[in-house]
Amino acid sequence: MEDSSLLLKIQFSSETQSLNQYYYQNFIIPNKHRIVSLHFHNESILYKFLNICTIDSSFNRLESLILNRISTFKLAILLFHLKSLTRPVSLTIYLEYCSDDLEDIYQIIFRLSFLKYFELVISEYEESDIAISYATNEQYSRIKYLSIYHHYTFNELTYILSCTSQLTHLYCFYISQSDEIIEHQILMTLPNLIHITLCLYDIDFDEFKQFIIQISSQLKCLSVTIQ
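Every number in this note's numbering is 7 more than the matching position in the sequence shown, counting from 1.
Treat the hints with caution; some may be incorrect.
In the DSS-like style, the derived pairs of lysine-lysine whose C-alpha atoms are separated by at most 25 Å in a straight line are [claimed, not checked]:
1) K216 - K227
2) K81 - K55
3) K123 - K216
4) K55 - K151
5) K16 - K151
6) K55 - K16
None of these hints come from the bench; they were simulated from the model.
When you get a sec, could you build the whole thing from the sequences and use the hints?
Here's what the structure looks like:
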């Protein structure tokens with residue numbers, strides 16, 4: 008630790024739950040500028056950390072943030088406080104269960120200018136409408152890699168893509184058929200999108216075909232699994 012040139016990847020697991028405030032004050036906080044990765048295994052560990060230290064621009068080398076088993080309510084609060092980060096960061100979120108509408112979460116995510124990679128995994132998710140508003144020029148996200156692991160429809164994916172015009176890689180799983188007519192007219196041009204991986208459930212082929220035609224002109228890799 009005395010070598011100030013060494014960069015740090017820190018993982019807070021259940022074994023570190025008992026770490027006291029002395030550890031945070033004398034190890035974590037003085038070395039914030041050396042931390043490149045933070046991984047929290049559950050919400051209580053994250054909550055304890057945030058009571059002592061705020062994740063802000065003082066973490067000026069942070070490249071990766073991984074959150075496990077966090078509630079959507081606490082997640083929304085944390086994301087709000089992350090807005091001061093400026094360095095490009097990868098954000099990965101694992102939720103065991105989610106019964107809430109994800110609209111607010113996505114809206115906050117797309118306003119985080121530092122995000123380059125975003126992955127959202129939800130083990131159990133009660134399907135509900137992701138009614139994301141159509142993006143304006145001021146709302147476009149800078150995300151380049153987007154991975155989504157929860158149930159949603161092609162229509163909902165279309166709204167998500169309208170906010171992520173800089174995408175280069177898209178990984179989507181558990182996509183199902185839209186209940187409404189798919190609104191392809193809102194799908195913006197994705198000029199940098201070169202890779203798509205899709206896992207489809209109960210999809211109408213015409214709907215899938217329309218979607219692919221809309222965005223496939225510059226693709227280099229398309230991987231599709233049909234369940």
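Going down the list of hints, with the structure as the test:
| no. | hint | in the structure |
| --- | --- | --- |
| 1 | K216 - K227 | 17 Å, holds |
| 2 | K81 - K55 | 12 Å, holds |
| 3 | K123 - K216 | 28 Å, violated |
| 4 | K55 - K151 | 31 Å, violated |
| 5 | K16 - K151 | 23 Å, holds |
| 6 | K55 - K16 | 18 Å, holds |
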